[in-house]
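Undergrad: As you go down the protein sequences, you meet chains A and B in turn.
If you count the first sequence from 1, you need to add 1343 to reach this note's numbering.
If you count the second sequence from 1, you need to add 1343 to reach this note's numbering.
Treat each hint with caution, since some may be false.
Any copy will do: because identical chains look the same in the list, a pair fits if it lies in one copy or spans two.
[Claimed, not checked] When the alpha-carbon atoms are kept at most 30 Å apart in a straight line, the in silico BS3-like pairs for lysine-lysine are as follows:
#: 1; residue 1: K1360; residue 2: K1564
#: 2; residue 1: K1392; residue 2: K1548
#: 3; residue 1: K1564; residue 2: K1634
#: 4; residue 1: K1360; residue 2: K1621
#: 5; residue 1: K1639; residue 2: K1548
#: 6; residue 1: K1639; residue 2: K1360
#: 7; residue 1: K1568; residue 2: K1360
#: 8; residue 1: K1634; residue 2: K1548
#: 9; residue 1: K1471; residue 2: K1564
#: 10; residue 1: K1564; residue 2: K1624
#: 11; residue 1: K1639; residue 2: K1392
#: 12; residue 1: K1392; residue 2: K1676
#: 13; residue 1: K1568; residue 2: K1392
#: 14; residue 1: K1676; residue 2: K1360
#: 15; residue 1: K1392; residue 2: K1634
#: 16; residue 1: K1634; residue 2: K1568
#: 17; residue 1: K1471; residue 2: K1624
#: 18; residue 1: K1624; residue 2: K1360
#: 19; residue 1: K1392; residue 2: K1624
#: 20; residue 1: K1548; residue 2: K1676
#: 21; residue 1: K1634; residue 2: K1676
#: 22; residue 1: K1621; residue 2: K1392
#: 23; residue 1: K1634; residue 2: K1360
#: 24; residue 1: K1639; residue 2: K1621
#: 25; residue 1: K1480; residue 2: K1634
Honestly, the hints are just simulated from the structure, not real lab data.
Protein chains: 2
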Amino acid sequence: MENIVFTREADSVLREKLQHTAPEDVYVLVDNNTRNYCLETLTHFHFLKEHIITIPEGEHNKSLESAARIWNVLSEQGARRNSVLVNIGGGLITDIGGFAAACFKRGIRCINIPTTLLAQVDASVGGKTGVNFRGLKNEIGIFSIPECVIIDNRFLASLPERQILSGFAEMIKHALLTSEEAVDEILQADLTRMESAEFLALIEKSVAFKAGIVEADPTEKGIRKALNFGHTVGHAIESSAIERGWEWYHGDAVAYGMIVELYLSVRQSGLDSRYYEKIRKFIRGHYPVYKPVAEKEDLYNLMLHDKKNEQAGVNFTLLCSPGEFEINHYCEKTEIIEALSVL
Amino acid sequence: MENIVFTREADSVLREKLQHTAPEDVYVLVDNNTRNYCLETLTHFHFLKEHIITIPEGEHNKSLESAARIWNVLSEQGARRNSVLVNIGGGLITDIGGFAAACFKRGIRCINIPTTLLAQVDASVGGKTGVNFRGLKNEIGIFSIPECVIIDNRFLASLPERQILSGFAEMIKHALLTSEEAVDEILQADLTRMESAEFLALIEKSVAFKAGIVEADPTEKGIRKALNFGHTVGHAIESSAIERGWEWYHGDAVAYGMIVELYLSVRQSGLDSRYYEKIRKFIRGHYPVYKPVAEKEDLYNLMLHDKKNEQAGVNFTLLCSPGEFEINHYCEKTEIIEALSVL
């Protein structure tokens, strides 16, 4: 994680990084929000207007067409192999921007400035880039490590609470996979002071955990599957919610996915049930109330089709205790249906 | 180059490789020619009809749309991360197929079976993949090494002579960059027996030379620029020819590009002029007669815009003697215009 900088002065870090990478020209990728709110923190850079590319919000814009739009600008403006693309925004922006940079002239460098909590603790590390294709999430993409990631929690101050909670679900997950102490610490975090130095330290710990896992298994052949904790059920909930046109965030789905998978962990992997109770209480107390998005049977069928399962049946990452987990734990349909009842 | 197999039995090597990679399913990318002529050598594989993807010939089909067509089939047919794509064809097929495979679900494996001499001695090694974009060659693409490359010279037997000569220009280039002996050997090759074991040995030497260079500099930061020999002028000739709608092969352009750059080498880098004479004689004797495709001034301007020049002015790779070269050799406009007179 030597390419990730934790700071409360993104502007001066960016200046330093641009001096260091010495590109002939700099391009900037933003969405409408970051164009309005974040770019102004960096106005003294005098980015050329023609070099600022805006992709509107919305998962449907995470497309090959958006990538082609970026390539069009780069190509038209004469970007060269030593040009740099600065991606400022949530995971959508850093994912598309990372993909576009990696494929332009067989790879130009990019600098990511994630501005949502989810992008800071999750998308910032691991080199996953990509776009959706034919309705499938991240179907087209590659692994490509950005030149540098600048994490500045001052950008979080203006985010709506639900967006914060979405990223916070991943921090809970990282804590569960780290240690008992990490779990206690995360549940006591002050979510009203996102821009504090204390919260930046929590972000750093969370990212450090993920970075350690990713380093051990960059292409997700083994231990990196630990990071799927909460996501097997979470993705199914998220897909159902999207189908129904609900305003349901990734992190909301993961939070409830974790409740189900913690229950499975208690039943299958000997997890002490007080962790299940503790996390469940926290999630119920902070996250939007869970409304049944789909029949248990439908959620089960969605899990069967999750691309991360390499054979028929459903494999989970389960917890034995905080910091101890098993990947590829196969569960029977009846066990899964029972666990879904706790939602 | 441990991933490249030289053989006269592509079918049995492919069988072995597929056993080794053990994919859940296999996809095949071909063009109309290789679908008709080469696929039949491999019919006993019983590829599923729905898994065979055909991209028509023609540089304009080396597009993002063709890549999307491949992704469509892979996605529709439920290809998974451990699926394998077998690319059978010239450089167009192995370049698009390599790109499509590298970006599908962040990378599935591919096996390349290059069937033209150019693809065998050039595109087969180095991991360059890509598609054209906005009229620019290989503007979108990445470096990605195939699981395996199977080079079988029996596929060359049915190729028209001009296509053979196109690939042979790269072999001459590799020989010039290797040694005096390599130059003598290549000029004595029997081009009427492409399918012979002797010719396969020549291909192997040529590929080994390129592989050595690429290994030393995989991302083209330095010594790999040696491979641009003949190509700075060659690309300018090729672009002019395409603009005029001429039937002019890549290798024809490179052949005449080499004559000009050998002349520059004599003038600038002390190359013994008998190499210039020898190669010039061979090219004039074998390749189509050069017709002036453009004014010298226009060719010069095209070189200025070649993406491989990182600053204003034109840099060349020049030969001091066979096997000894200098990269980034800057030449003045007047010197270049003079050299173009030898065409």
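Undergrad: Hints numbered earlier in the text: which of these fail when held up against the supplied structure?
TA: Hint check: 2, 3, 4, 5, 6, 8, 10, 11, 12, 13, 14, 15, 17, 18, 19, 20, 22, 23 fail, others pass.
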